[in-house]
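Number of protein chains: 2
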Amino acid sequence: MSVAPSAMTRRREAQFEALMQSAEKRICEEGVGALKARDLAADIGVALGGLYNIVADMDDLMLRLAQRTMGRLDAALEAGAVSAAAEQPAEVLEAIALAYYDFARQNLQLWRALFEMRLKNPALPEWNIQAQLGLFRHMNAPMAALMPASSEAERVLVARTLFSAVHGIVAVGLEERLIAVPPQALAQQICWLVRAACKDLKEN
Amino acid sequence: MSVAPSAMTRRREAQFEALMQSAEKRICEEGVGALKARDLAADIGVALGGLYNIVADMDDLMLRLAQRTMGRLDAALEAGAVSAAAEQPAEVLEAIALAYYDFARQNLQLWRALFEMRLKNPALPEWNIQAQLGLFRHMNAPMAALMPASSEAERVLVARTLFSAVHGIVAVGLEERLIAVPPQALAQQICWLVRAACKDLKEN
DNA sequence: TATTAAAAATGAACGACGTTCAAATTTTTA
DNA sequence: TAAAAATTTGAACGTCGTTCATTTTTAATA
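Same order as they appear, the protein sequences are chains A and B.
Residue numbering for the first sequence follows our numbering, beginning at 229 and increasing consecutively.
Residue numbering for the second sequence follows our numbering, beginning at 229 and increasing consecutively.
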């Protein structure tokens with residue numbers, strides 16, 4: 229589950245890790261828009277041009293960071309799912325949704341960086357796509373329980389819809405540009421929507 | 229309902245309008261990331277520095293563009309709402325959601341620009357905030373019909389939740405970076421979620 | 001160990017960008 | 001028509017990501 233480019237010497241791996249940590253620190257403190265090649269190079273004690281021996285370019289850097297963040301998000305969703313296992317499938321989905329919300333709140337800037345990535349080359353590398361799709365893994369079991377008569381494709385579609393809806397609520401809710409919704413109220417809204425959707429699935 | 233800064237001469241208004249149109253054309257054709265001050269200045273036949281007599285800076289330009297787009301979106305939502313009026317409130321909300329999805333599809337790049345704005349000064353001007361909040365206007369009547377016993381604040385919260393959820397589905401669905409969901413399937417998913425949410429509201 | 005070839009690191013330089021501002025030009029006023 | 005005010009200009013500035021010829025370090029070989 230390494231996030232570093234393959235074929236690295238030990239020294240390079242250390243540099244890569246230092247770069248990632250310095251970038252994450254800066255994102256957390258100042259937001260993703262404040263990431264500057266010169267700052268990062270200075271942080272890890274490397275000349276400006278040396279950055280490009282560790283990472284192909286800033287897009288590559290962002291994608292590697294996204295990979296790390298998704299790894300942590302995956303673990304958080306997993307923890308949320310198991311905490312509600314052996315319960316009703318709707319409750320598991322609810323726990324996953326709340327875990328997603330909690331992760332976004334606790335890692336606000338890193339989580340935002342996942343979506344604010346504006347890559348020069350919009351085509352994502354395969355390993356990034358797979359990591360994204362892998363996040364849906366936690367919904368498989370509860371979705372299958374909720375929609376036993378449906379096809380795999382149908383379940384995947386509904387899972388994506390549910391995830392997207394929750395993501396939208398979280399994203400808009402954490403946007404401070406408009407009215408700030410109290411966290412507790414937001415969590416309650418997420419639960420309501422997930423429950424309502426699951427109830428409907430159950431009835432049909 | 230003017231979108232131009234006040235206290236403009238006739239000439240300035242014409243320049244402003246030309247600037248907006250040229251910017252919108254470029255956004256539609258190449259995406260918001262391709263907007264360059266030099267290109268726009270050339271487009272409207274003005275020296276580079278002259279842009280800053282028409283608009284305070286690029287942030288201001290983006291906010292004015294957003295204002296125009298929101299104006300069109302507002303009209304589209306209104307049209308969607310009236311097309312389903314005198315029906316069940318759930319059907320009105322469904323029509324609004326579908327109108328939102330349709331607008332996003334038909335004005336993909338301009339719609340994206342609404343959210344991809346990364347302003348140097350993240351504080352939004354009051355007129356922009358009001359325009360955003362005004363978009364919820366169309367949900368007032370159906371929400372009141374669906375939740376007659378609830379407070380105004382409660383209804384606003386649920387309306388925001390519903391809108392955010394639909395927005396999330398649309399945003400993720402129109403993101404081509406992952407699996408492309410067929411438009412018809414996406415519309416169906418939106419309808420399903422709105423209906424499920426409304427059904428739950430009705431029962432409680 | 002000395003020599004040499006390969007690998008890695010350097011930082012000045014480049015082009016693109018948004019923004020500024022003294023100077024030139026146009027328009028308005030007296 | 002002359003003076004004053006307003007507008008327009010485009011060169012110049014600072015910042016950014018990125019490149020690459022040069023230097024420095026590391027590794028291999030005799």
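No lab work stands behind these hints, which were simulated from the structure alone.
Just so we're clear, the structure is a prediction, and the values are computed from it rather than from any experiment.
Do not take every clue at face value.
No copy is singled out in the list; a pair is fine if it fits within one copy or between any two copies.
[Stated by the list, open to error] In silico DSSO-like links for lysine-lysine, alpha-carbon gap of 27 Å or less: (1) 264 x 253; (2) 427 x 348; (3) 430 x 264; (4) 430 x 253; (5) 430 x 348; (6) 253 x 348.
Results for each hint:
Taking CA atoms no more than 27 Å apart as the test, residue 264 paired with residue 253 passes inside one copy only; the shortest distance there is 13 Å, against 31 Å between copies. For the homomeric pair residue 427 and residue 348, neither the shortest alpha-carbon distance inside one copy (43 Å) nor that between copies (44 Å) is at most 27 Å. Proximity of residue 430 and residue 264 under a CA criterion of 27 Å is satisfied in neither setting, with 50 Å inside one chain copy and 52 Å between copies. In this homomeric assembly, residue 430 and residue 253 never come within 27 Å of each other (Cα to Cα): the closest approach is 44 Å inside a single copy and 47 Å across copies.
Proximity of residue 430 to residue 348 under the C-alpha cut-off of 27 Å is found in neither arrangement, the shortest distances being 44 Å within a copy and 47 Å between copies. Taking identical chains as interchangeable, the C-alpha atoms of residue 253 and residue 348 lie at most 27 Å apart whether they share a chain (23 Å) or sit on different chains (20 Å).
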